[in-house]
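Chemist: Since the structure of chain V is provided, determine the placement of chain W on it from the hints.
Quick note, the sequences are listed as chains V and W, same order. The numbers in numbering that gives the first Met the number 0 rise by one with no breaks, and the one at position 14 of the first sequence is 13. The numbers in numbering that gives the first Met the number 0 rise by one with no breaks, and the one at position 63 of the second sequence is 62.
For the record, the hints were derived by calculation from the structure and aren't laboratory data.
Intra- or inter-copy, both count: the list cannot distinguish identical chains.
Straight-line C-alpha distance at most 25 Å; calculated DSS-like pairs for lysine-lysine:
1) Lys236 x Lys215
2) Lys84 x Lys207
3) Lys192 x Lys136
4) Lys18 x Lys136
5) Lys55 x Lys168
6) Lys204 x Lys84
7) Lys41 x Lys55
8) Lys41 x Lys168
9) Lys55 x Lys84
10) Lys210 x Lys84
11) Lys204 x Lys215
Small disclaimer: the values here were computed from a predicted structure and weren't measured.
2 protein chains.
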Amino acid sequence: MPVCRVKIAGMGRALAGEKICFGNQVRYRLSLGQNLLDLAEKAAIQAIQAANMEIKDVDAIVCAMATPLQAIPCNAALVHERIAKGLDIPAIDINTTCTSFISAVDIFAGLVEIGRYERVLILSGDTASAALNPGQKESYELFSDAVAACVLSRAEEGEHSAVLYSCQKTWSEGAHDTEIRGGCGLLSAFCMKKSNREDYYFDMKGAKILKLCARKLPVFVNGCLEEAGVKREEIHKVVPHQASRALDVVMPRLGFRPGSYIDRVAEYGNMVSASVPFVLCEAIEMRQIQRGDLILLMGTAAGLTVNFMLMRY
Amino acid sequence: MPVCRVKIAGMGRALAGEKICFGNQVRYRLSLGQNLLDLAEKAAIQAIQAANMEIKDVDAIVCAMATPLQAIPCNAALVHERIAKGLDIPAIDINTTCTSFISAVDIFAGLVEIGRYERVLILSGDTASAALNPGQKESYELFSDAVAACVLSRAEEGEHSAVLYSCQKTWSEGAHDTEIRGGCGLLSAFCMKKSNREDYYFDMKGAKILKLCARKLPVFVNGCLEEAGVKREEIHKVVPHQASRALDVVMPRLGFRPGSYIDRVAEYGNMVSASVPFVLCEAIEMRQIQRGDLILLMGTAAGLTVNFMLMRY
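Chain V with its partners taken away, still in its complex shape (with noise of 0.2 Å):
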């Protein structure tokens, strides 16, 4: 496992206009003539101003996005036409539905430590409002709209930031847990009918996936560690994906005490892949996290997939 030498030098973060509430749960979903495209412009010039750096500086756009805004082409491309029209920057995206941020730093930072490429922009958000069912209250009053972006780049001499460890699992055994089934390739738009309706909509299985989590989580976890050759207790903050109001649950039987982890699910819900660099920004804005602290990100997918990733920012 190499370490790699990149810092993430600055980040931004939008939230959706329509601000909602489920009790005592805040949501956010777009408002009528936004969408996630102008969020993402917001995210992307607040990291880039952050960083110290135009845009003409990022040598790549990566859209680290659980779902996609056309089916072709892809995110990045779309993005680049808000932020670098004019100018010849690669668009890439990165997907590994929720965690696809952990999984976009981790290929990335490997590609900057081996000189491929030196300021990357990641761009983590999606539109779970346009396929949540309303019929589905335990999805429907979860997400909201968000994107966070990330200018990663190249740690320089006698900088300390790092990616230290960083792995990545998938069971298939959860593939169907959390899906939303037609719209794209296997069941198109063209194929609905009455009938398979709530097939476009999102779908998820809570129970089925918290099960499949309490089989795996564990020894995932503690595997990273032992490997990574870190403690807990020297984790100065943990990034968790803030999967559901299930993670006050989740965390402590990972053997995280309350107060070392972020949960920020009251205020925000699940931002799907918005979810680890959104609460990351805004930790990093309130100095939570400060520079040479050691941090991990960390979080399930669908897929079932899980990301742990730790990081000296």
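Modeler: Then chain W, alone, in the frame of chain V:
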């Protein structure tokens, strides 16, 4: 630009079951009851066997496809379910539309070189037929459904296989020249009406793309060759994206004489992301490409994205 010591250890390919002809042009479309995962499974098994491996030897399953099978989860998780259920191999999607295969080799060559992965299974292919517009003859008669697979692995001591040079650029002036506007986040399946039904079909502005390519490609290709320090005559075989019947016009204009590049458009049409790996696999089977040969993988993709990769097979 780092040299990455990786090799194509094995390849496989699978064509859809229904053969149709438009004049002298042969195309393949999914037959009744067949889906892209059936082709993916077949191509993957063939590639793994050709590499003298078993699926458990692979340490990442990468879908480098242009289009999503479902909005959630990612394509690689669905392929994982077919070929690796019960195993914990990470599943990752990479997408730069038609040139996704080249991008994925570019990315994972770097990650193999740096030691993040050792043996990666890359699959490319799309269900073009799911969104073809019978009213747009130019695209309706062009595409085929197919999948190609490739095991990319570390080159052993004494082997000369490597990715020698790779470059990608995106010009989002072309973002809407090739697209499927409906079905996903920006315009969901639920928004389909009689008046916007056309938005859910694949839409290609062929003449506009050719014009943008004519303006961008010659400078791009010459720049890459110069940066790589390689002359056209040193390249044993060019493997271009099988974009359209204009291949025989475009390639000579880029300085590649007939015979120096593979043109299988009459036999297979445009197989979207499968085009490059499919004809590469066939050329290897036919021994037109042999170990040690310098090859060039290149192509244009919706975006507009262009890729150029020099590889010693």
